[in-house]
Amino acid sequence: MKRTAVLSTLALLTAALTVTTAQAAEPQHPFTVVRTLQWGSFNLNPFTPNDQHLPPTLSAIYETLFFVNNLNGKVTNVLGTKYRWSKDNLTLTVNTRDGVKWNDGKAFSANDVEFTFNYLKKHNLSSIWSSGLTSVTATNDNTVVFKFKEPNAPIFPFIATQAIVPEHIWSKVQNPTQETNQKAVGTGPFIFDSYSQQALRVLKNPNYWMKDKPYIDAIVWLPTNGNDAALLKMLKAEGDFSYIGLTDPRAQYASKGKNNTYWWPVNSTNFLYFNNAKAPFSDVAFRRAIAQGINTDEAALKAYAGVLKGADVSAVIPAQKKVWFPTTPGDLDLKFDPAAADRALTAAGYKKDSNGRRLGKDGKPLPTFRILVGAGWTDYITLAQVVSDNLEVLGINSTVDQQAFSGYITEFQTGTYDMGVSWSWGTGPSPYYLFYQSFHPNNTAPVGQTSPSNLTRYTNPVVTKALDEFRATSNAAAQKKALATAVTQVMKDLPWLPLTDRSQFGIFNTTRFTNFPSDKNPYYDGNVDDQAGTRLLFLNVKPR
Amino acid sequence: MPYLLRKFLFLLFTLWVAVTLNFILPRLVPGDPIGAMLAKYQGRFTLDSIDALRVAYGLDDKSTPIQQYLTYLWKLLHGDLGRSISLYPTPVSEVLATIAPYTIGLVGFSTVMAFLIGSAMGVYSAWRMGDLIADNLPMLALFLNSMPYFWLALLLLFFLAYKFSFFPLSGALDPFPGAAFSLGWWKSLLWHGALPALTIVVTSAGGWLLTMRNNVISVMSEDYVAFARAKGLPNGRILGRYVLRNALIPSFTGFGMALGFVVGGSVLVEVVFSYPGLGLYLNNAVYALDYPLMQAIFLMIAAAVLIANFVVDLLYSVLDPRVRDGGAA
Chain A
1 MKRTAVLSTL ALLTAALTVT TAQAAEPQHP FTVVRTLQWG SFNLNPFTPN DQHLPPTLSA
61 IYETLFFVNN LNGKVTNVLG TKYRWSKDNL TLTVNTRDGV KWNDGKAFSA NDVEFTFNYL
121 KKHNLSSIWS SGLTSVTATN DNTVVFKFKE PNAPIFPFIA TQAIVPEHIW SKVQNPTQET
181 NQKAVGTGPF IFDSYSQQAL RVLKNPNYWM KDKPYIDAIV WLPTNGNDAA LLKMLKAEGD
241 FSYIGLTDPR AQYASKGKNN TYWWPVNSTN FLYFNNAKAP FSDVAFRRAI AQGINTDEAA
301 LKAYAGVLKG ADVSAVIPAQ KKVWFPTTPG DLDLKFDPAA ADRALTAAGY KKDSNGRRLG
361 KDGKPLPTFR ILVGAGWTDY ITLAQVVSDN LEVLGINSTV DQQAFSGYIT EFQTGTYDMG
421 VSWSWGTGPS PYYLFYQSFH PNNTAPVGQT SPSNLTRYTN PVVTKALDEF RATSNAAAQK
481 KALATAVTQV MKDLPWLPLT DRSQFGIFNT TRFTNFPSDK NPYYDGNVDD QAGTRLLFLN
541 VKPR
Chain B
1 MPYLLRKFLF LLFTLWVAVT LNFILPRLVP GDPIGAMLAK YQGRFTLDSI DALRVAYGLD
61 DKSTPIQQYL TYLWKLLHGD LGRSISLYPT PVSEVLATIA PYTIGLVGFS TVMAFLIGSA
121 MGVYSAWRMG DLIADNLPML ALFLNSMPYF WLALLLLFFL AYKFSFFPLS GALDPFPGAA
181 FSLGWWKSLL WHGALPALTI VVTSAGGWLL TMRNNVISVM SEDYVAFARA KGLPNGRILG
241 RYVLRNALIP SFTGFGMALG FVVGGSVLVE VVFSYPGLGL YLNNAVYALD YPLMQAIFLM
301 IAAAVLIANF VVDLLYSVLD PRVRDGGAA
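If you read the sequences in order, they're chains A and B.
Each residue of the first sequence is one higher than the one before, counting from 1 in this note's numbering.
Each residue of the second sequence is one higher than the one before, counting from 1 in this note's numbering.
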């Protein structure tokens, strides 16, 4: 009797265990992302800042109206199927997709879009509304109309890539900055599955509106403690995708296995900024002359092992140059030529004394200039060192000035530096965003006050006018013309020197998956952070 | 009991000093956490958000340092450690609750193991002097003890985890180990803890071996041991009753200290193995200038060392009657 009881209990247990395992079937093709950081608390709120919500939030769960590729400006439809600007560029009409369901089964409609944008306004969650937007209205179930006070075509990417949330859930959330949204309801290709400090997992949304995609059934994120640990995992094929700023991806990763590849698309530029508010950097002739004496190719080779190249003088990244600015005015191209630089400096009134020291226009020797970089940033320190060595050939003394981040930023923004190495303070799907942030009077301030993004404090009415023309039209030809004017003027005045390309740091292990982005198929810009573009990676990768 | 009362008041006083230093030291570190965060992202972070972040992290505090100090003490007394900056908005107490068990488990277990194994070998090596193994043990102990433990950790990681894949590369658990405390979970935990534990045991057992060996040798030369031998007592009894009890006392002090340091973790071992314990998070918090997390971990380390010492003091009064009378205190 006792024996039978034990046996039947055992049988029951075995049955229970079998059922549990059957239900919790492991995904067959999980795609693994290796992170170089730990994550914080369980938060899937798309309205909180980027490092506060978990990585799947914007890349796998919520969707946007469109995706705008930052490399080439190409627009992909997502929840939006069509958009058009009115003739006066004051109204943007967006058609939304039919037949899309939120992952709780309710239908998505244009009302959710209207709700999302008005919710941003009500809780002051986005700067979209401070740029001249006056109303967002759903005119029927699949049309939304955005109205503007004055033309602002370049706002489109910001509207296009705003995560759309369901009205029936968020209308009940009174305090969106403190909501952790652990049962996230989105339209995206994946549904949140599990959270722990060891891993995050999302599973394929069975009712996703693209019938054939995604090809993978789950995504797993693994945290590590920094670059070295993440690299080891990738080398052992324990991850499929990671984002690691290696000094030499060819030697450290790609050469160590046939399935190891990397894609570092150029997405911005490292500049040598000149403080145009200070003599002698306020003198165009001086800036142009020393720019000619700086070997940007050597700088790129030493700082980035030749993986990244010297930058184009126009500061337009290669992918956008093809689209917006195919031919550089030839006479404005800078060729590295120390002898010509030396002659140009002398001609501009900066003579050399008998010791070979460069003199100012007043006949006194030039002071030792500081080249501002962040403390310990090896790539920037190397770049500054090359600049300093090149300047020495011209008889100009300089020192590399390493500062902690807050000092570095403050000197740039208040205009107390001489020269400094920094990134593009403004990027977007066309060069407009860089030039607007860098040179428009809206983004500058007098020396001593904080300038948001115009570090050189250079403005020029020609450039300003061209940028305003670009902003006021949605006509591609007119925009191209305006942009060419702005870029050409900046190339003439050279308020900065574009030093080297800057890129994303994606590395892949192709043992299990194919269809990663590449130069041939740059379907998104290669970022791994929680961004709308990363969704395209998750939709496109295919199990082998 | 004046001895215990004195010890207890001293504990309270040192705790207060630790808490105060803990408040002052992070504020002397140059730089600010927002700067550290932006530097980490090198421009992939919009600058408009700086002010918003400052407010969110409570770094816009305009009150005087004295006020801040009093608020800090008040919150501390109520168990409020603030919110972590690098893992915002997770409360620091939640971070500690998640990571402290790993360190206490791993380093605590390894420390006890190292103490037991090392001391046992120390006793053996002293008691069996003249024997080939016993005579060579101190040499081996010296070698292992002087080896930097992060170096051994790197070697183990490279060969056993990376080259030959016997052990996992990092972390404390598999990504999906199954339900907590299930069989698979325990297996995964032990598997991940094996290399870090091995590192700590191998490099610290040598120290205990040497200490114990010296203690035993010096006790063995005491008159009462010679007397016990002369009386013809069996060896086992001499070792247990006369030698060990007296030889253990000095080792015990060291053991108490070592237990106190468990909370701090072996920072480098945790960093090398990406083992998510207090040491790794302390390291990360320092890089991110995450003051609240840093303060909380320092506080735990200080409190653990002080309390462990207090407990050792208490046990001393049991082990060694002279202490209670104040003679050798």
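The set of hints was computed from the structure by calculation and includes no laboratory data.
It is possible that part of the hints are untrue.
Unchecked claim - The calculated DSBU-like cross-link candidates involving lysine-lysine, where the alpha carbons are at most 35 angstroms apart (straight line), are:
1. B:Lys75 to A:Lys258
2. B:Lys187 to A:Lys183
3. A:Lys183 to B:Lys163
4. A:Lys542 to B:Lys231
Said to hold, decoys possible - Label-pair restraints from in silico Cβ distances:
5. B:Pro250 to A:Glu179: 53 to 59 angstroms
6. B:Trp74 to A:Trp423: 38 to 44 angstroms
7. B:Val29 to A:Ala305: 30 to 36 angstroms
8. B:Leu155 to A:Ala107: 34 to 40 angstroms
Fair warning: this is a prediction, and the values are worked out from it, not measured in the lab.
From the three backbone atoms N, C-alpha and C, an ideal C-beta is built for every residue, glycine too.
Structure-based check of each hint:
With a CA separation close to 56 angstroms, the supplied pair Lys75 (chain B) and Lys258 (chain A) exceeds the 35 angstroms bound. The straight-line distance between the Cα atoms of Lys187 (chain B) and Lys183 (chain A) is roughly 31 angstroms, inside the 35 angstroms bound, and the hint therefore holds. As the CA atoms of Lys183 (chain A) and Lys163 (chain B) are separated by approximately 41 angstroms, the hinted pair breaks the 35 angstroms bound. With a C-alpha separation of about 83 angstroms, the suggested pairing of Lys542 (chain A) with Lys231 (chain B) is violated against the 35 angstroms cut-off.
A C-beta distance of roughly 58 angstroms is found between Pro250 (chain B) and Glu179 (chain A), which places it inside the suggested range of 53 to 59 angstroms. For the hinted restraint 38 to 44 angstroms between Trp74 (chain B) and Trp423 (chain A), the CB-CB distance of approximately 43 angstroms keeps it satisfied. Between Val29 (chain B) and Ala305 (chain A), the C-beta spacing of about 33 angstroms keeps the proposed range 30 to 36 angstroms intact. A hinted range of 34 to 40 angstroms is violated for the C-beta pair Leu155 (chain B) and Ala107 (chain A), which are about 60 angstroms apart.
Checked against the numbered hints given earlier, the structure breaks hints 1, 3, 4 and 8 and satisfies all the rest.
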